[in-house]
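A.B. asks: The listed protein sequences correspond, in order, to chains L and E.
Numbering follows this note's numbering, in which position 72 of the first sequence is assigned residue number 717; successive positions increment by one, without gaps.
Numbering follows this note's numbering, in which position 123 of the second sequence is assigned residue number 768; successive positions increment by one, without gaps.
Hints are all accurate, no fakes.
Same chains, same names: a pair is fine if it fits in one copy or spans any two.
Straight-line C-alpha distance at most 27 Å; calculated DSSO-like pairs for lysine-lysine:
no.: 1; residue 1: Lys877; residue 2: Lys815
no.: 2; residue 1: Lys879; residue 2: Lys777
no.: 3; residue 1: Lys815; residue 2: Lys720
no.: 4; residue 1: Lys877; residue 2: Lys866
no.: 5; residue 1: Lys815; residue 2: Lys742
no.: 6; residue 1: Lys815; residue 2: Lys881
no.: 7; residue 1: Lys742; residue 2: Lys656
no.: 8; residue 1: Lys877; residue 2: Lys813
In case anyone wonders, no lab produced these hints; they're calculated from the structure.
Protein chains: 2
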Amino acid sequence: MMEKNLIGWQKQPNKLNIQGEIEKAIETITGEKVELFASGRTDRGVHSLGQVANFKIESKIPIEKIAIAINSQVKNSIRVIKAEEVPEDFHSRYNCKEKTYRYVVNNSPYGSAVYRNLEYHMPVKLDFEKMKQAISYFEGEHDFSAFKSSGTSSKSSVRIIYKAIIKKSKDRIIIELTGNGFLYNMVRIISGTLVDVGLGKIKPEEIKSIIESKDRTRAGKTLPPHGLYLVKVKYK
Amino acid sequence: MMEKNLIGWQKQPNKLNIQGEIEKAIETITGEKVELFASGRTDRGVHSLGQVANFKIESKIPIEKIAIAINSQVKNSIRVIKAEEVPEDFHSRYNCKEKTYRYVVNNSPYGSAVYRNLEYHMPVKLDFEKMKQAISYFEGEHDFSAFKSSGTSSKSSVRIIYKAIIKKSKDRIIIELTGNGFLYNMVRIISGTLVDVGLGKIKPEEIKSIIESKDRTRAGKTLPPHGLYLVKVKYK
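Bound-form chain L, shown alone (with noise of 0.2 Å):
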């Protein structure tokens, strides 16, 4: 669920983040200023069921405190799962190995208000069998270029899709992709494009095309972040 003012997971000065209410609740019980390491960043709007941060204390609070006095800092908005002891050179961002991220679409004809800020919604009748067959394109090695938005900082494009499916539950249709590693917004735009292939704009197989064009403009529009969930980060 939107936070109103939270910006997201990335540090800004006078500017409600994720990162800044952690490492401001750490520094309040450890009396430690630390600085808090995620797999990457979540932008503003978009839901994290797993995210992974690490950080380094002298401190000799006990591990199985962490989490519950770091929630009793923070806003009900972000809350600290567990709280585990790694090696000393264990990076939150670059050990990490696998992620899966998650993307809802509702579609039904007037979408949920209820769920409203969990989901896309699109009201036009989407065809899943399509989407189903364009999704099995993305799994695999490719360069990503066409699926990511100008802001990138990483230098290669490619990347590894294990897994990409798609299931139908009611009226909602969710996205999962599992990859060792997503570009800015490379969920947000494959959703798009098979969201374009659902109302029959994209062809099922011009996908394979698309990919191999590199070309931004031939992929679909960056769906909202509030449909979003970073679901799983995996370590070797």
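Using the hints, position chain E against chain L.
C.D. replies: Below, chain E without anything else, positioned relative to chain L:
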């Protein structure tokens, strides 16, 4: 999801409410002042997935345009899913035969940031098997005086619960009650009593005598509104 300023179903001057917003929308669309009758009021924070309400208009606007027209006028925290014509003597409240409510408890240690306004968080581990034993006592025709808040306008406190089920899905416990009607806060108090059973404060077999006592002080507390959903309203 909670709309911060939305105060629930019932009309109150100068306060954002569901009844008033929809009545205003209908007036804008048809030029007619109408009164909207719901199957029952929902309090601030309660989620409706299947509320039913009726109104009378002279306007010849096609029935299949009504929902889309209302939705274009109201905030997206209110969505009309469907409109249909009913006999002149239909009344959403008096003709209602059956209602289903759901109460969602998040029983993980720290709760969920994403779903925080859509479920009640109980960090202490609940004994699900005991709750399952307890819930069966609520089925049938009973005087539910022990499970109502003051402010109930109805004369009789006798209601029939046709079906009382409890499910577990990972860290979530979901209570679902279907009955011919519910007293004020009845689902929230039954859910609070079941939580007390899960905590070991009340034995499952005590439910019988709590119902018979008609004593509100023997039942559990009224759980907060944001875990409650009006799921379905049925007519003959």
